[in-house]
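Please build the complex by placing chain B on the supplied structure of chain A, with the hints as guidance.
Number of protein chains: 2
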Amino acid sequence: MPSYTAPTKDLHFVLHDLLQVSASDVPGYGDLEADFTSAVIEEAAKLAQDVLAPLNAVGDSQGCRLENGVVYTPEGFKAAFEQIKAGGWNGLDIPEDFGGQNLPYLMGSAVGEIFVSANMALNMYQGLTHGAISAILAHGSDDQKATYLPKMVALDWTGTMNLTEPHCGTDLGMMRTKAEPSGDGSYKITGQKIFISAGDHDMAENVIHLVLAKAPGGGEGTKGISLFIVPKFMVNEDGSLGARNAVSVGKIEEKMGIHGNSTCVMNYDGATGYLIGELHKGMRAMFTMMNEARIGVGLQGYAQAAVAYENALAYAVDRLQGRDVTGVKNPDGPADPLIVHPDIRRMLMDQKSFVEGARAFTLWGASLIDRAHRMGDKDADGLISLLTPVIKGFLTDKGFEMCVQSQQVYGGHGYIEEWGMSQFARDARIAMIYEGANGVQALDLVGRKLAQDGGKHVMAFFELVKTFLKENEGDARLEGFLVPLKAASKDLQAAGMYFMERGMKSPNDALSGSSDFMHLFGHVCLGLMWARMAKAAYAALDGGASDRDFLDAKIATGRYYMARQLPATAMHLARIQSGGDTVMALGAEQF
Amino acid sequence: MPSYTAPTKDLHFVLHDLLQVSASDVPGYGDLEADFTSAVIEEAAKLAQDVLAPLNAVGDSQGCRLENGVVYTPEGFKAAFEQIKAGGWNGLDIPEDFGGQNLPYLMGSAVGEIFVSANMALNMYQGLTHGAISAILAHGSDDQKATYLPKMVALDWTGTMNLTEPHCGTDLGMMRTKAEPSGDGSYKITGQKIFISAGDHDMAENVIHLVLAKAPGGGEGTKGISLFIVPKFMVNEDGSLGARNAVSVGKIEEKMGIHGNSTCVMNYDGATGYLIGELHKGMRAMFTMMNEARIGVGLQGYAQAAVAYENALAYAVDRLQGRDVTGVKNPDGPADPLIVHPDIRRMLMDQKSFVEGARAFTLWGASLIDRAHRMGDKDADGLISLLTPVIKGFLTDKGFEMCVQSQQVYGGHGYIEEWGMSQFARDARIAMIYEGANGVQALDLVGRKLAQDGGKHVMAFFELVKTFLKENEGDARLEGFLVPLKAASKDLQAAGMYFMERGMKSPNDALSGSSDFMHLFGHVCLGLMWARMAKAAYAALDGGASDRDFLDAKIATGRYYMARQLPATAMHLARIQSGGDTVMALGAEQF
Numbered sequence: 001m002p003s004y005t006a007p008t009k010d011l012h013f014v015l016h017d018l019l020q021v022s023a024s025d026v027p028g029y030g031d032l033e034a035d036f037t038s039a040v041i042e043e044a045a046k047l048a049q050d051v052l053a054p055l056n057a058v059g060d061s062q063g064c065r066l067e068n069g070v071v072y073t074p075e076g077f078k079a080a081f082e083q084i085k086a087g088g089w090n091g092l093d094i095p096e097d098f099g100g101q102n103l104p105y106l107m108g109s110a111v112g113e114i115f116v117s118a119n120m121a122l123n124m125y126q127g128l129t130h131g132a133i134s135a136i137l138a139h140g141s142d143d144q145k146a147t148y149l150p151k152m153v154a155l156d157w158t159g160t161m162n163l164t165e166p167h168c169g170t171d172l173g174m175m176r177t178k179a180e181p182s183g184d185g186s187y188k189i190t191g192q193k194i195f196i197s198a199g200d201h202d203m204a205e206n207v208i209h210l211v212l213a214k215a216p217g218g219g220e221g222t223k224g225i226s227l228f229i230v231p232k233f234m235v236n237e238d239g240s241l242g243a244r245n246a247v248s249v250g251k252i253e254e255k256m257g258i259h260g261n262s263t264c265v266m267n268y269d270g271a272t273g274y275l276i277g278e279l280h281k282g283m284r285a286m287f288t289m290m291n292e293a294r295i296g297v298g299l300q301g302y303a304q305a306a307v308a309y310e311n312a313l314a315y316a317v318d319r320l321q322g323r324d325v326t327g328v329k330n331p332d333g334p335a336d337p338l339i340v341h342p343d344i345r346r347m348l349m350d351q352k353s354f355v356e357g358a359r360a361f362t363l364w365g366a367s368l369i370d371r372a373h374r375m376g377d378k379d380a381d382g383l384i385s386l387l388t389p390v391i392k393g394f395l396t397d398k399g400f401e402m403c404v405q406s407q408q409v410y411g412g413h414g415y416i417e418e419w420g421m422s423q424f425a426r427d428a429r430i431a432m433i434y435e436g437a438n439g440v441q442a443l444d445l446v447g448r449k450l451a452q453d454g455g456k457h458v459m460a461f462f463e464l465v466k467t468f469l470k471e472n473e474g475d476a477r478l479e480g481f482l483v484p485l486k487a488a489s490k491d492l493q494a495a496g497m498y499f500m501e502r503g504m505k506s507p508n509d510a511l512s513g514s515s516d517f518m519h520l521f522g523h524v525c526l527g528l529m530w531a532r533m534a535k536a537a538y539a540a541l542d543g544g545a546s547d548r549d550f551l552d553a554k555i556a557t558g559r560y561y562m563a564r565q566l567p568a569t570a571m572h573l574a575r576i577q578s579g580g581d582t583v584m585a586l587g588a589e590q591f
Numbered sequence: 001m002p003s004y005t006a007p008t009k010d011l012h013f014v015l016h017d018l019l020q021v022s023a024s025d026v027p028g029y030g031d032l033e034a035d036f037t038s039a040v041i042e043e044a045a046k047l048a049q050d051v052l053a054p055l056n057a058v059g060d061s062q063g064c065r066l067e068n069g070v071v072y073t074p075e076g077f078k079a080a081f082e083q084i085k086a087g088g089w090n091g092l093d094i095p096e097d098f099g100g101q102n103l104p105y106l107m108g109s110a111v112g113e114i115f116v117s118a119n120m121a122l123n124m125y126q127g128l129t130h131g132a133i134s135a136i137l138a139h140g141s142d143d144q145k146a147t148y149l150p151k152m153v154a155l156d157w158t159g160t161m162n163l164t165e166p167h168c169g170t171d172l173g174m175m176r177t178k179a180e181p182s183g184d185g186s187y188k189i190t191g192q193k194i195f196i197s198a199g200d201h202d203m204a205e206n207v208i209h210l211v212l213a214k215a216p217g218g219g220e221g222t223k224g225i226s227l228f229i230v231p232k233f234m235v236n237e238d239g240s241l242g243a244r245n246a247v248s249v250g251k252i253e254e255k256m257g258i259h260g261n262s263t264c265v266m267n268y269d270g271a272t273g274y275l276i277g278e279l280h281k282g283m284r285a286m287f288t289m290m291n292e293a294r295i296g297v298g299l300q301g302y303a304q305a306a307v308a309y310e311n312a313l314a315y316a317v318d319r320l321q322g323r324d325v326t327g328v329k330n331p332d333g334p335a336d337p338l339i340v341h342p343d344i345r346r347m348l349m350d351q352k353s354f355v356e357g358a359r360a361f362t363l364w365g366a367s368l369i370d371r372a373h374r375m376g377d378k379d380a381d382g383l384i385s386l387l388t389p390v391i392k393g394f395l396t397d398k399g400f401e402m403c404v405q406s407q408q409v410y411g412g413h414g415y416i417e418e419w420g421m422s423q424f425a426r427d428a429r430i431a432m433i434y435e436g437a438n439g440v441q442a443l444d445l446v447g448r449k450l451a452q453d454g455g456k457h458v459m460a461f462f463e464l465v466k467t468f469l470k471e472n473e474g475d476a477r478l479e480g481f482l483v484p485l486k487a488a489s490k491d492l493q494a495a496g497m498y499f500m501e502r503g504m505k506s507p508n509d510a511l512s513g514s515s516d517f518m519h520l521f522g523h524v525c526l527g528l529m530w531a532r533m534a535k536a537a538y539a540a541l542d543g544g545a546s547d548r549d550f551l552d553a554k555i556a557t558g559r560y561y562m563a564r565q566l567p568a569t570a571m572h573l574a575r576i577q578s579g580g581d582t583v584m585a586l587g588a589e590q591f
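In order, the protein sequence lines correspond to chains A and B. For the first sequence, the residue numbers in the numbering used here are 1 to 591. For the second sequence, the residue numbers in the numbering used here are 1 to 591.
Do not rely on the hints blindly, as some may be mistaken.
Which copy? The list can't say, so a pair holds if one copy fits it or any two copies do.
[As the list claims (entries may be wrong)] Quick list of in silico lysine-lysine cross-link-like pairs, BS3-like style, CA-CA up to 25 Å: (1) K505 with K329; (2) K223 with K329; (3) K85 with K456.
No lab work stands behind these hints, which were simulated from the structure alone.
Looking at chain A on its own, in the form it has when it is part of the complex (with noise of 0.2 Å):
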């Protein structure tokens, strides 16, 4: 059975050396002083380990249940669940009006990796509940923030997103769901919803479920969406529970993976639902949960890759089998272990590689949304914006990879279940769909993201490029960073010059040429973390700090992506500036 340490060194170095955020200008990032966030990372370690690793191959093995409609999450779940509630995890990063701890948007990341690591399906019950908690935040009335968000902070009641029907997922202008006034200023909910992650389960009192529903007079497709509330459990006035709902559990779908979590198949029968957000805006409230599930996604491309290395590793080091092809290196036993081989050695540095330069990405992406929420930061809530999409879809579908990989390590035990390493590879394939699956990021990077604002915001990327670039010139330790950065970098402003030039007169040529985009961002999004991770690493190295091997190794293995990975970018643009032609080439029937 696979195992799990937090890497509190890693997240240690990416908080402190990479983003120095104690000495950041974001409110609150003062109070994040080396000591504190260390408390926070460990105690959060403790419990993803003890508690919550041990039950990830629970949750795979015997997955969910409806029984006389009633779910039931897997032996051990509840328990553990209770130990995330008692901890106040969830409210990590919500005001403390609402019970929360009221730390940045960048903890509850970095502890957000940790618990996702350990057990990707139980974590997400907290996960959804905290996107329904910032919809309800950002768009509920006093009196909904009142009645629901205490009770969500401290777990009591969960939260769901309910987008997607049989017939339409990506197209959500089809929806067919209904909400019709009641009279009294609440609706009845009518319709079935499909792919309800943490839909139901026997871990909370109630269940608050956000429904995207079409009410009379909106118009035709997205225009007419409006967003509800639809509690499982109604809500009394003195915040008691009262009657049930007319919500319920078709069923819980099969799935590849994440069977931990329960995905339900929901049936609204005229269920009572609160307006929340304004009336025919439901489209804008839900993309407030969207952005972050889509950071979420991300995180869970690189969380499920950085356990599943760890794991390859260690097989690698613990394994014998072969020799060292340029000397035995442990004649005392049977075989050398795997890890001198260089096809193993390989594997491995493109995962650690991946996984770090993931960790510093999705970080730093972080650090952007709680400039742009605590200080109204314009330009890095644009920033992120952009970004978001990147983080999603190349991060999940490097993420997949790196697990299909990690388990490559094991040879023939990485296909036995009882290895664990086929559930890294299992679970962390959803990422890549939902939440909007990898190619509907891409169309979004390209078609709206890139020219958004004016192209202000990939203008201003490009510049922190550029700055980072002078600022080091000449740095000759730093060589092996910048030559590659820049190359990349240039590779994909090229890719931004043919969308622009092609974009408007000839949209398939941009748009075949998206997922690549995507990628080549992502490369150089890795490959910027990874030269200012060098640089950090060198000055802390100049400083006298102590832990020398860990940072030689983190420029090791920066050189490593730099080297190895970064190459891709030309190969992206080259797929991009090849255009459209090929790609629509063929008549649908011709296929």
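Structure of chain B alone, referenced to chain A:
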């Protein structure tokens, strides 16, 4: 549930337009007239579509079970297996002396693709038997051939390969299974073997295990290994079955996929075994099975991608979601079909161009095997020996990737087991691992095959490419093929040169690039196949062929591969040329 329709037209194109089999000088190829091959393929297609494919999901959901020492296969498997037997499919390319039809290996491969696409897990019972037959044909005594082959060809008995033990897979020198001479010419085999595909089941009267074990006096490591025939039931002089041999199933493994195949732990407790081939030369004998098996596994890689693609295409045509950005295509419907969207097209074209290129590559490889076996052509033998790790490694890595992409076309539905796309990915995953994990294939390619016979075979491959380029120089219609093929081939040569320079003095530099080289090589092979197919398609068009849509699509699909996939070669070369320093930089304790 997914469906399957065999790609009869595409197989016809490869056999007759590309390979022009009936005009070939290989003995037996003259009989492969179009009418004949079509009849064979249609018959296989009927069985695959009507009988095997509908059982694929059943096999996945039910799996195999072990009860009181007896292995039961999923419902319907036995009846389907009877139909495979009745059709004589297992003997298709086996000499007539042993009940076969003596058709070329090429025909066995064409039919093999169809069976594997329809039901990979079920086909493995037959596939393993076929491998065991080959080993006995090549190394067995006349008595052994007479005793085992007719029954195995008829599938009354099936076969297995027993190599792996709990502590060793790749490194067979550590093997612990012992063979002690009994004094009567037979041996007593004692030990445990794991991951034994089709290890036991309820579909045949007997199971003939081919088992590697160490007999006394052979020395250390792989030198002491011999190959033994260990029947589940002893075989009497008259061919009837006798007592149960001391071999039993320890357990059936719980795997990520191919649940319909019983992957067994086999316990040998002094079981009676018969030496096959020379004492202490077991590895050589095993490689006879292994080489054939490796090509068969490469075939599995693309065959799973083929059926996954077919279903993704059907879904993309059927599912309505969003509108074509260049103008509504389905004005009477609520949305346009998925296939109008460029990023969906990109995925479908990736899959289509890979599958069709891989099919051509594999069948061309099969024709080299026929040339080697039927004509004693040493050059063909050397070339296919070089290409075998590429067929196995590249086609299974890419085949899995394409299955994952097919799944992605389905969005959320792709993650739900009911739709069947998860199974294709889970089943295809094993092909990257068994018969030598793909890292071992890459090592075989770079460490052994590249320099074999003084590098003669890789030079012959380059010559093939060069000749094609030269012969078609100036053909404007082929320019979109010749230019990228030339560039890709140059990258491959540069990589080969790098290995030659570094291989001896710095093996880590070479081995760090081995997987990239395997992929680089694979792309060049598929590029060559596409260039040849384009030429063949133009020739057919020029000759007035009636199915112009099909031929146009073939050319367009090839153009896609050249434009969108071949740019990967430069990336692989860059990675290779970055050497082993970044790969090997970390001390084992620095990870």
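Here is what the structure says about each hint:
In this homomeric assembly, K505 and K329 come within 25 Å of each other (Cα to Cα) only across copies, at 18 Å, whereas the closest approach inside a single copy is 61 Å. For the homomeric pair K223 and K329, the shortest alpha-carbon distance between copies (22 Å) is at most 25 Å, but the shortest distance inside one copy (67 Å) is not. Taking CA atoms no more than 25 Å apart as the test, K85 paired with K456 passes in neither setting, with 42 Å inside one copy and 68 Å between copies.
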